[in-house]
Structures are given as structure tokens and as C-alpha cells.
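> Read off the chains here:
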Amino acid sequence: MINWNLDYKMIDIHTHMGPEYPIYYPEHDADSMVRYMDECGVELIVSAPCEDLFVTGSVRRDITTAMRTYPDRIKGYFAFNPNTGATVQEMEKAFAENPGYVGLKFLPDYHRTNITDPSYADALAFANERKLIVLSHTWGLSMNAEQCNSAEKIRQIVETYPDLKFIMGHSIQGQSDIAIKIAKDYENAYLDLCDTGRFNGIIEKMVAAVGAQKVLYATDAPMQGYRFIQGAVLAADITDAEKKLIFRDNALRLLNMEDK
Amino acid sequence: MKLIDANACIGSDFVKHPIVNHESFIVMENVKTAETPAELISVMDKFEIQQAAVWHRAMFDYDPIKGNEVLTEAIRGYEDRMLPVWTILPAISDTEFAPDTFFDKMKKNGVKMLKAFPLQNRYILCDVTMGDQLKAMEELQIPLYLEPQPDYQYIYDVLKEFPNLTVILNNIGIWPSARLIYPLLKRYPNVYLETGDTGLTHAYEEICQKFGSHRLLYGSNFPSNSPGCSLNCLLKAKISDEERENIAHRNMERLLGEVKL
Ligand SMILES: [Zn+2]
Numbered sequence: 000m001i002n003w004n005l006d007y008k009m010i011d012i013h014t015h016m017g018p019e020y021p022i023y024y025p026e027h028d029a030d031s032m033v034r035y036m037d038e039c040g041v042e043l044i045v046s047a048p049c050e051d052l053f054v055t056g057s058v059r060r061d062i063t064t065a066m067r068t069y070p071d072r073i074k075g076y077f078a079f080n081p082n083t084g085a086t087v088q089e090m091e092k093a094f095a096e097n098p099g100y101v102g103l104k105f106l107p108d109y110h111r112t113n114i115t116d117p118s119y120a121d122a123l124a125f126a127n128e129r130k131l132i133v134l135s136h137t138w139g140l141s142m143n144a145e146q147c148n149s150a151e152k153i154r155q156i157v158e159t160y161p162d163l164k165f166i167m168g169h170s171i172q173g174q175s176d177i178a179i180k181i182a183k184d185y186e187n188a189y190l191d192l193c194d195t196g197r198f199n200g201i202i203e204k205m206v207a208a209v210g211a212q213k214v215l216y217a218t219d220a221p222m223q224g225y226r227f228i229q230g231a232v233l234a235a236d237i238t239d240a241e242k243k244l245i246f247r248d249n250a251l252r253l254l255n256m257e258d259k
Numbered sequence: 000m001k002l003i004d005a006n007a008c009i010g011s012d013f014v015k016h017p018i019v020n021h022e023s024f025i026v027m028e029n030v031k032t033a034e035t036p037a038e039l040i041s042v043m044d045k046f047e048i049q050q051a052a053v054w055h056r057a058m059f060d061y062d063p064i065k066g067n068e069v070l071t072e073a074i075r076g077y078e079d080r081m082l083p084v085w086t087i088l089p090a091i092s093d094t095e096f097a098p099d100t101f102f103d104k105m106k107k108n109g110v111k112m113l114k115a116f117p118l119q120n121r122y123i124l125c126d127v128t129m130g131d132q133l134k135a136m137e138e139l140q141i142p143l144y145l146e147p148q149p150d151y152q153y154i155y156d157v158l159k160e161f162p163n164l165t166v167i168l169n170n171i172g173i174w175p176s177a178r179l180i181y182p183l184l185k186r187y188p189n190v191y192l193e194t195g196d197t198g199l200t201h202a203y204e205e206i207c208q209k210f211g212s213h214r215l216l217y218g219s220n221f222p223s224n225s226p227g228c229s230l231n232c233l234l235k236a237k238i239s240d241e242e243r244e245n246i247a248h249r250n251m252e253r254l255l256g257e258v259k260l
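Heads up: the protein sequence lines correspond to chains A and B, in order. Just so we're aligned: 202 in numbering that gives the first Met the number 0 is position 203 of the first sequence, and the numbers increase by one with no gaps anywhere. Just so we're aligned: 55 in numbering that gives the first Met the number 0 is position 56 of the second sequence, and the numbers increase by one with no gaps anywhere.
Since the hints were made in silico from the structure, they are not lab data. Certain hints may be false.
As the list claims (entries may be wrong) - Keeping only pairs whose Cα atoms sit at most 27 Å apart, straight-line, the calculated DSSO-like set for lysine-lysine is:
(1) A/Lys152 <-> A/Lys130
(2) B/Lys65 <-> B/Lys45
(3) A/Lys204 <-> B/Lys15
(4) A/Lys8 <-> B/Lys237
(5) B/Lys15 <-> A/Lys180
(6) B/Lys237 <-> A/Lys243
(7) A/Lys130 <-> A/Lys92
(8) A/Lys180 <-> B/Lys31
(9) B/Lys31 <-> A/Lys204
Model the full structure from these sequences, guided by the hints.
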């Protein structure tokens, strides 16, 4: 019998905030998100709002306000768009002023720039030096039939920057078997269940190959609810202890919050 | 609660499994398939799913006619658990699908539902191509599963021509846009959504409130997805038990009861 209930709260390390062009999802502001987190048993999210990812000249108001309003519920990624860039000084200032920032967010595919492009180098060095999390979108083949964030490039990044914690958003969807290999080969590479976690059998495959300590619960909320991927993990043929690592403990470790 | 899965597939993948990802394009991935009905039954038992509408990978990867035969052969003896879904082709070329014989054949084989893959099989699902078949399906109230590939336009078009066709939208990708689905649910009372890819925030609550719980059919979209995904959403949605039962099995039972074969 599948146990559909947890006696602890989940942490989602891959979320966004605010509206985005492709779909209708009205409950996208911080207040609505926290309400839905309460409903679904999510204690904490790490978020990269769409205004920082898709608008030039963003002043990062959504995330900084959300992190101030809900310091125990919402942490943030500093979204880095290589087309507009951000200097190391800007990033230093943002991290100093906003203790809720835990890392950087990249969308190489959407920004149509290879993650190995020199325009990412300063940001990667910044994250590496400070041992930050980098959550990057990763796909084998991109929307534009490019390969901005495919497996061989991700391997290069995690090898070049061993001190940052690299979360492979969507686990290099389309090349997930290679993502699993990368997570096994590199201590600083993590698998992310956003979308990809629903594929039948993939959670068991990841846990068997790499161990549950490298697999992270992730949803893309508010573009997706919390329960869809939760259901895949709850139903997976892995132990309850492995489920807890995926839903919570791995995120706490990455966020240096193991005391929680 | 009784569960009927409105969308499960048996048969292993020819190469890899094509999955509609969250940006609505196809990614090829290795998923754990159910090669045989017995394997699917063990998945159904794990999730306490009593019955499943089942199609076979060969209907898509190989050939609809051969694939329909493969399915029929495979599920013999499992009729109490598996509700077969066949694939249709235009009778103008493939005469096996002519209305005067095909629907009798469906009846003889206990088949009450159909799928069409016009993009894969290279035809246009419309009056010009197969009007007599679509007219007969309207009259016989045979549910037709349609996937929005490459997009929703053909579904909008065929419903304009055959507004009484019973259509089950399925395999829609996990960022299914209300902008594409709600208009169909509003205009056509005979359009249904199979929930295998549905996990958006409060999607079940909103659809039940706007269009009624009778428009959703619980489905797994197995093996693209673990059946746990949509089931967890259905079990925990803030809807009434009555609405949950409708989605879980009653709507599918009603649809099957309405088929006039
Ligand atoms: Zn994302």
C-alpha cells in the first residue's frame, strides 16, 4: 500500500514566481504561493521569479520583497541572464543586502546562450568561490534545436567549478541517463526531479545508480503544483528514508540548514 | 474508491519513449514500460486501479491495423481489467476502417473507444478525409482520444465540423494551457480531459467549478508518467467526494454506457 501522507514538510529547490507567457496560472504571487505551500505541506521554496528571468532591467522586486516578507518560507536565486549580465559587484551587493539569496539561476536555453559561453564565466567563478548553489535549466536538446545546456556542457561546468553545487534542473531531460552518470561522477552535481521525475521508473533508476542523497524534489511552482512530482516520489519503490532525503534532507544540506 | 485509469499503454518502446515535456515538445527518454498485460496488472494493483483503458505501443510505432491486432491478442483473458482502445485510419485508403464493417468488428472484439494519430499516420482528421466515419462515431457516441500534436488546431477544426464527437484530450504535456483547453470544454459538452498530465495548482478545483466534475477522467498516461503523479493530485484536491468519484470512475463508466455499438 502506498502511503500518500508525510509526517514532515517538503522543501522545493526549483520554483519561480510571477506570471510567464506560455500558460495560465493565476496563483503566482508570493502570498498565493505560500498559501498553496501550506495546503500541500511545503515548508520552504527556493525561487527565481520570472521578472528576473524574462525582463531586462529587472530590479528584482518580487524576490527581494518575498524573501523579506517570508524569510522562513522563501529563499531566492539571483537570476543571471548572460545577455544583460550582472557584474560581480552587483551580485556581491545583492547577496549582502539580501541574506535569503542562496545561489544563482541560469536559463541557458531560454537565454539562447551556451552555458560554456564566456559570458557565464564571472558568475560561475563568483558562485564557485562562495560555494553557492547554481540551479541551471538543463535539457539535451533545446526548444530551438540548439544544445545550450546539454550533457557534455554540463559535465564541463561541474568539472571546471568543483566548489559550486550544481543542480541540473530537469536532470538534462532527453539525456537523463547521462545526467545520472554526471551525478555519480561529480560530487557537486545534483539531479532535479522537476518535470523529469514523473517519467515512470526514473526515480528508482536515479536512486539505484547514484543514491537518494543526490536527488532533489523540484516542481517549477507556480507553473506546476506541488503534488504531481510529490506523487511520483511517494509511489516510487524506494525506502521512506530515501524519500525523506529527496523531499527535505538533501535540500537542507545544500542550504546549510541541517539544524532544521 | 474505485479507480479506472483512462489512459494506459502496454508494449515496450521501439527506441525510446516520446514524452510531451513542459514546453510541449517531444523528448525521447527511457521509461519503465509494461511489456505485457500481466506487467500492467501488477502496476494497476500497486495503485489499486481496477480497470484501465489500454492501447498498445505498436499502434503508434508500427502500424494501426497490426497494432490493433497485437492489442486484441495481448489482452485476451484480461477483459475484466482492460478496456481496449483501437486506432482508426481513413477508410478511403485503408478500407478495413469502412463504417459498414469496422464498427461491427469493434463490437465483436469488445472495443468501445478509439484513438487517432493524424500527425503520425499522415492524414487530416476532417470531413473531406473521413466524414462518414466521423459522422458514424458521433452517432454511435464512440469516444475518440486525441493528442494535441503538433498542436490543438486540428482538434478545434474537427470539432467545428463534428460538434457532437466525443473527444478525450490526452497526453497534453504537464504545462497544459487553460487558454487551449477551456474553450473546448466550454463550447463542447462532449469534450473530456484525461488527467494523466494534470498537476497545475488547483486545476481540479477550477475545472470542477467552471465546467463540472463530469468533464474529467482520471488517467495515468502510463508509462510516460508514474501513475502516482495524477493520482496524488486527485486524492488531495479540495473537491467533494462526489466529484472525486466522478473523476475516478463514474464518468468513464457513463461514457462507456453511452456507446451504441
Ligand atoms: Zn524552472
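> All the hints need checking, so say for each whether the structure fits it.
Hints and how they fare:
| no. | hint | result |
| --- | --- | --- |
| 1 | A/Lys152 <-> A/Lys130 | 20 Å, holds |
| 2 | B/Lys65 <-> B/Lys45 | 30 Å, violated |
| 3 | A/Lys204 <-> B/Lys15 | 16 Å, holds |
| 4 | A/Lys8 <-> B/Lys237 | 19 Å, holds |
| 5 | B/Lys15 <-> A/Lys180 | 18 Å, holds |
| 6 | B/Lys237 <-> A/Lys243 | 25 Å, holds |
| 7 | A/Lys130 <-> A/Lys92 | 17 Å, holds |
| 8 | A/Lys180 <-> B/Lys31 | 18 Å, holds |
| 9 | B/Lys31 <-> A/Lys204 | 10 Å, holds |
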